[in-house]
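Undergrad: What follows is each chain in one-letter form.
Protein chains: 2
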Amino acid sequence: MSDSRPAPVELRDACIVAAREAIAAHGIEHLSLRDVARRLGVSHQAPYKHYPSRDHLLAEVVRRCFEGFAAYLDGREHFDDPVQDLDSLGRRYMEYARSHPLEYRLMFGTPWPAAAEHPGLARDALHAFEILRNVLRRLHGDGPGQCERVDMDALFIWSTIHGLVGVLDGNCADKLGIAPLVMDQAVAQIMDKVRLGLGLPPACS
Amino acid sequence: MSDSRPAPVELRDACIVAAREAIAAHGIEHLSLRDVARRLGVSHQAPYKHYPSRDHLLAEVVRRCFEGFAAYLDGREHFDDPVQDLDSLGRRYMEYARSHPLEYRLMFGTPWPAAAEHPGLARDALHAFEILRNVLRRLHGDGPGQCERVDMDALFIWSTIHGLVGVLDGNCADKLGIAPLVMDQAVAQIMDKVRLGLGLPPACS
Numbered sequence: 000m001s002d003s004r005p006a007p008v009e010l011r012d013a014c015i016v017a018a019r020e021a022i023a024a025h026g027i028e029h030l031s032l033r034d035v036a037r038r039l040g041v042s043h044q045a046p047y048k049h050y051p052s053r054d055h056l057l058a059e060v061v062r063r064c065f066e067g068f069a070a071y072l073d074g075r076e077h078f079d080d081p082v083q084d085l086d087s088l089g090r091r092y093m094e095y096a097r098s099h100p101l102e103y104r105l106m107f108g109t110p111w112p113a114a115a116e117h118p119g120l121a122r123d124a125l126h127a128f129e130i131l132r133n134v135l136r137r138l139h140g141d142g143p144g145q146c147e148r149v150d151m152d153a154l155f156i157w158s159t160i161h162g163l164v165g166v167l168d169g170n171c172a173d174k175l176g177i178a179p180l181v182m183d184q185a186v187a188q189i190m191d192k193v194r195l196g197l198g199l200p201p202a203c204s
Numbered sequence: 000m001s002d003s004r005p006a007p008v009e010l011r012d013a014c015i016v017a018a019r020e021a022i023a024a025h026g027i028e029h030l031s032l033r034d035v036a037r038r039l040g041v042s043h044q045a046p047y048k049h050y051p052s053r054d055h056l057l058a059e060v061v062r063r064c065f066e067g068f069a070a071y072l073d074g075r076e077h078f079d080d081p082v083q084d085l086d087s088l089g090r091r092y093m094e095y096a097r098s099h100p101l102e103y104r105l106m107f108g109t110p111w112p113a114a115a116e117h118p119g120l121a122r123d124a125l126h127a128f129e130i131l132r133n134v135l136r137r138l139h140g141d142g143p144g145q146c147e148r149v150d151m152d153a154l155f156i157w158s159t160i161h162g163l164v165g166v167l168d169g170n171c172a173d174k175l176g177i178a179p180l181v182m183d184q185a186v187a188q189i190m191d192k193v194r195l196g197l198g199l200p201p202a203c204s
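Residue numbers (numbering that gives the first Met the number 0), protein chains in the order written: chain A, 0 to 204; chain B, 0 to 204.
Some hints here could point you the wrong way.
Some chain B residues near chain A, calculated using beta-carbon distances under 7 Å [claimed, not checked]:
(1) Ala36
(2) Cys171
(3) Leu195
Within a straight-line C-alpha distance of at most 25 Å, the following computed DMTMM-like cross-link-like pairs (lysine to aspartate or glutamate) qualify [what the hints assert, rightly or not]:
(4) B:Lys174 x A:Asp191
(5) A:Lys174 x B:Glu116
(6) B:Lys174 x A:Glu147
(7) A:Lys174 x B:Glu102
(8) B:Lys48 x B:Glu147
(9) B:Lys174 x A:Glu9
(10) A:Lys174 x B:Asp141
(11) A:Lys174 x B:Asp73
(12) B:Lys48 x B:Asp141
(13) A:Lys174 x B:Glu28
(14) B:Lys174 x A:Asp79
(15) A:Lys174 x B:Asp34
(16) B:Lys48 x B:Asp34
(17) A:Lys174 x B:Asp123
(18) A:Lys48 x A:Glu28
(19) B:Lys174 x A:Glu66
(20) A:Lys174 x B:Asp54
(21) B:Lys174 x A:Asp34
I should point out that these hints are in silico values taken from the structure, not numbers from a laboratory. In this text, a Cβ means the ideal position worked out from N, Cα and C, and glycines have one as well.
When you get a sec, could you build the whole thing from the sequences and use the hints?
TA: Listed below in structure tokens is the structure:
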């Protein structure tokens, strides 16, 4: 790929693109700065100007996934009613997970580099989680007495939708004899059950 | 490891043990019959007597995970009351997932070999899912009119608990500023929310 050799000023971003390609092709465990340099047609030393180690590069790849994920969630249809907004957020989360499998796996399905050394990664993961917390704060109130309720509900919603992504896109679901009608309605009906679990009435959709 | 060279009659099982060790050490994508033979100190050809290909060996490794998983679920504390039994089953599932991370990942987190060629794998996955279905049949009734309700509820329960395993054992949960009290109570409280989602009263525990 020497025809796409980047200018130095663009190298920082080009390393991210090459790293994502390398991960998609060979898996996260084979990511190396040497392979990234080879893909970009630059010297072995060049990526080190921007990333002191392979883990720094990986942390930045995953951090940018969270940045894009949060932006995608923020791009949902917004509603003044927090219950409707929660529903919109849940559907948007499912859409993201199923249309961005590599990013989703990097964020939630693979080991991260040591977090303490990459504070930007934890910060951007927190930012994405705050989107869910903020809708729940609008629902339950923002006082200190509501913190635990907000976080428990957030864990429940996140777990259910995260698990539904894993179940629907996993190996098993199509081999269990589940009726197509049930599979087709699973997202909408399970989100209704989540609302019931939160003590809210089911959607009238 | 030539000191543990197995007798031919035991080779079929020994290959499974060696394959699990190889997967634990190097990941599923590096599993090969050649490496398994090397680990067992037998000829390169020996494993082929029992497994025509690497995928046949992998399918048998994963099938045995489902067999052990189903036996573990069956070993839960049983209750005549299906609601209590559902709770016992959910707790047992969480326990298994967190104490058998390799098996859990092989069943639910990695690509399987082509299912059509390995019917035993799909059969044993179905058997594990039937344990959940059977408790729900005791709750909702076993008539044909209840099939869809049983399966939708099963998908909801499975998704929530599967997702909770992923969230609690994943990269993020400890970096989001969630209070320790919330994390400690997450399993019990989220299982209460699942019961609410099913239209059942919360547990009195």
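Undergrad: Hints first: check each against the structure and report whether it holds.
TA: Verification of the hints:
no.: 1; hint: Ala36; in the structure: violated, 24 Å
no.: 2; hint: Cys171; in the structure: holds, 5 Å
no.: 3; hint: Leu195; in the structure: holds, 5 Å
no.: 4; hint: B:Lys174 x A:Asp191; in the structure: violated, 29 Å
no.: 5; hint: A:Lys174 x B:Glu116; in the structure: holds, 13 Å
no.: 6; hint: B:Lys174 x A:Glu147; in the structure: holds, 16 Å
no.: 7; hint: A:Lys174 x B:Glu102; in the structure: holds, 19 Å
no.: 8; hint: B:Lys48 x B:Glu147; in the structure: violated, 44 Å
no.: 9; hint: B:Lys174 x A:Glu9; in the structure: violated, 31 Å
no.: 10; hint: A:Lys174 x B:Asp141; in the structure: holds, 21 Å
no.: 11; hint: A:Lys174 x B:Asp73; in the structure: holds, 21 Å
no.: 12; hint: B:Lys48 x B:Asp141; in the structure: violated, 44 Å
no.: 13; hint: A:Lys174 x B:Glu28; in the structure: holds, 23 Å
no.: 14; hint: B:Lys174 x A:Asp79; in the structure: violated, 29 Å
no.: 15; hint: A:Lys174 x B:Asp34; in the structure: violated, 31 Å
no.: 16; hint: B:Lys48 x B:Asp34; in the structure: holds, 15 Å
no.: 17; hint: A:Lys174 x B:Asp123; in the structure: holds, 10 Å
no.: 18; hint: A:Lys48 x A:Glu28; in the structure: holds, 22 Å
no.: 19; hint: B:Lys174 x A:Glu66; in the structure: holds, 16 Å
no.: 20; hint: A:Lys174 x B:Asp54; in the structure: holds, 18 Å
no.: 21; hint: B:Lys174 x A:Asp34; in the structure: violated, 31 Å
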